[in-house]
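Residue numbers (this note's numbering), protein chains in the order written: chain Z, 1 to 540; chain A, 1001 to 1323.
Read the hints as simulated data drawn from the structure, not as lab findings.
On a predicted model such as this, the values are computed, not experimentally measured, just so you know.
Take these hints with a grain of salt, some might be off.
Label-pair restraints from in silico Cβ distances [said to hold, decoys possible]:
#, chain 1, residue 1, chain 2, residue 2, range
1, A, Val1323, Z, Glu202, 27 to 37 Å
2, A, Glu1137, Z, Lys431, 55 to 65 Å
3, A, Thr1294, Z, Asp298, 40 to 50 Å
4, A, Lys1145, Z, Gly394, 28 to 38 Å
5, Z, Trp379, A, Asp1319, 49 to 59 Å
6, Z, Ile189, A, Asp1186, 31 to 41 Å
7, Z, Glu36, A, Lys1054, 23 to 33 Å
8, A, Asp1319, Z, Glu135, 34 to 44 Å
Not close to chain Z: a few residues of chain A, all C-beta gaps over 10 Å, as computed [stated by the list, open to error]:
#, residue
9, Val1076
10, Lys1139
11, Thr1177
C-beta: ideal position from N, C-alpha, C; glycine also.
Residues per chain, in single letters:
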Amino acid sequence: MTVTDSKTIDLEVSPLGRVEGDLDLRVKINDGVVTEAWTEALMFRGFEIILRGKDPQAGLIMTPRICGICGGSHLYKACFAIDTAWKTVLPPNAITVRNIAQACETLQSIPRWFYALFAIDLVNKKYAKAKDYDEAMRRFAPFVGESYEPGVVLGAKPVEVYAIFGGQWPHSSFMIPGGVMCAPTLTDITRSIAILDYWRQEWLENRFLGCSIERYRQVQTWEQLLEWCDENESQHKSDLAFFIRYAMGIGLDKYGGGYGNYLAMGTFFEPSQYATPTADGRNRALITRAGVYSDGTDLPFDHMRVTEDVTHSYFRGTGSLHPWEGVTEPIDPADGRAQDKYTWAKAPRYDVPGQGFVPLEVGPFARQMVAGNPEREVWQDYDPLIRDIYSKIGPSIFLRVLARLHEAPKYYEMTRRWIDQIDLHDRFYIKPVERESGKGFGATEAARGALADWIVLEDNKIANYQVITPTAWNIGPKDGKGANGPMEESFIGAPVEDLHDPIELGHVARSFDSCIVCTVHAYDGKTGEEMARFKVNGMM
Amino acid sequence: MATLLWLQAGACSGNTISLLQAEEPTVIDLLTDFGVELLWHPSLGPELGEAVHKILDDLVSGAKPLDIFVVEGTVVQGPNGSGRMDMFAGRPMTEWITDLTSVASIVVGVGDCAAYGGLPTVAPNPSESTGLQFHREVKGGYLGKDWVSKAGLPVINIPGCPAHPDWISQIVMAVATGRAGDLTLDEYHRPSTLFTTFTHNGCTRNGFFEYKQSTTEFGQGTRTGCLFYELGCRGPMTHSSCNRILWNRQSSKTRAGHPCLGCTEPQFPFDDLMPGTIFKTQKVSGVIPRDLPTGADHLTYLAAAAAARISAPQWSKEDMFVV
């Protein structure tokens, strides 16, 4: 902690993230409110460098292992990147099975993220006097909370279905250019249905919603959602209704909203529309859509408008390049610091017509904002709820979390429907021509946001491979123009009540799902010596 | 009560996430019912900040005993040996590993990265990564080949990318319940009880393997045949219990038509993912698999294969895993 003038305090939070490498946070606090923030990613393994010169399919094995939490999502987009580069033809079953697998990974992630990573902060001592604190403790206390254990343990169920099709979860590579490796049998289908149904009853309906999926899915507006919460005792007592009451009660709807500008790359394809995958035909074939929502305007997503800026990242140069031209040349952080660089994350930016290269938030919040755009094809998801709430109460931690939770019943319905669409007697794979050169683009929505690969093939090997993760979009640093990354921006305006326990910063970071634990160091501004170490989460 | 500390170095979290799928015991039962006192884990530990620093300091100073130290992730030594490519709580993670391994009774490397360095070590190894006590198949790694823990044991490796949840939970339980003495380790420091059988053992395609009947393509092609001959499966040369205990209680790679990648072996990824090596069996003289089932040689393999093909029954040439 450094006091730079009478009111301003510099606070360093280290480490702040533990999901894709470590994350540290520095914030400037003025009159008890954050006025500036820097996010610092602390770990580098260099997968993009390793992939150069390797087999065109190396990304199928390598990229799922970038992140053990959304490995299935990495596989999904890595495979479509090669599909587009090799110009494969995909049978309907292949697309359907890929959709099911991707959705099952996201379904397991929703309760695990909510209970194990986010909700345990709701019982922080800061809220000891809040209404319903005891009830929050009873539900959300780590390990022993009545909702914590089933949420975490039952999360294993949806990925059992992943294993039926992909052999195992995490870290399968069963999606391959031209289709999938498996050829399921009748009992694979019936078993998958039974497993999903068990999870629906035990967690999704009985504990989380307190009603049927069908009833919940009728909710389309903020008013209807509030009405739904108190419609009957079972809904009132559900984890979702309790979260809404409690989070509003402790003010999580008041800060952490960030720019309010969003990017979704979309995921899940309508099989009849994407038999020959191309980057250009992608938007139209999607079921949950791609799009940009910036300054109140809906725009189509175009991957050619994506660049990565390394001005403040530990990589050589200061430029901003499209990923097909992207370079990854690491430098020693000690040298980088001298050049005003402070993180291993690059800063992805999107060229919004008329606005220039801007930072955009990705994730479930972004997806559901884009889902509210009424213009769509008949097979595409339209869902007005989150956009309606955004228009009425604005972006915040609360709404970011609600958007994530809202996807559980929605993706369950889709997954269940796709299982019925598998034609066991049709093909699951069409052997592709292995083209020696080409460019590919593959993307998806991991549970935590837009995830994409850009691949360049030359002479039957990878000439360039660039991955942009949702964590990079959200926790990436400032760019050459000094614009904050989306998470940095979201910290601004956050109140910090207790410098020794800035739980508010933890809420913001964890609402993006890029943070598990926080440690706070405070430094004496004059001597640079550490004065004390504080815990962000003080409930245990 | 055995104390356990779990840290992540250059990790993807895959082994932690894998462990969440465990049943008998579940990860929560493991920590609340079976004599393991979890001092801290980056994803699960509710104690944070000051409490974590105090735990680490007390362990390093010896004020509190550290019975089991679990490391997940590769040891990142770059750039130029400084370790600054992986910082943790203000220091290079390498320094924490040095301090904590010197006070731990038993050190467990979970997953391929901690055990052998894993994928980040593939050329050009831009992060200068290595395993705790091996660099791929070469003994040494970060701690050195002669290193032993306070209990006199080398690093116990539970490889796999990721490790199966049961491998982690059963070995942790074994150590926590005082049965470390029953563990025999193989040449790559894997517990023999888990890593003596092959992935091949229990594979539903063994009948096809026996008669040298190949799966010729993925998808519907995997309704018959063995993945070893054309599609690069390493099941007969890879030590694991994947097909004895299955994954996610449901299946395994090979059962689902997915060639085994050999991820419990220190050489993983084989051939460093070089062009032409992925999902394709590498051959000599155009026809004979370069890597043969453990213990076989090319000459006797050829003779056995010829006999097997001649004796192949009709069912082995038809679909077996039918709708």
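To see whether the hints hold, each was checked on the structure:
no. : hint                                : result
1   : A:Val1323 with Z:Glu202: 27 to 37 Å : holds, 30 Å
2   : A:Glu1137 with Z:Lys431: 55 to 65 Å : violated, 34 Å
3   : A:Thr1294 with Z:Asp298: 40 to 50 Å : violated, 59 Å
4   : A:Lys1145 with Z:Gly394: 28 to 38 Å : violated, 60 Å
5   : Z:Trp379 with A:Asp1319: 49 to 59 Å : violated, 33 Å
6   : Z:Ile189 with A:Asp1186: 31 to 41 Å : holds, 40 Å
7   : Z:Glu36 with A:Lys1054: 23 to 33 Å  : holds, 30 Å
8   : A:Asp1319 with Z:Glu135: 34 to 44 Å : violated, 56 Å
9   : Val1076                             : violated, 7 Å
10  : Lys1139                             : holds, 23 Å
11  : Thr1177                             : holds, 21 Å
The structure fails hints 2, 3, 4, 5, 8 and 9 (numbered hints given earlier, in ascending order).
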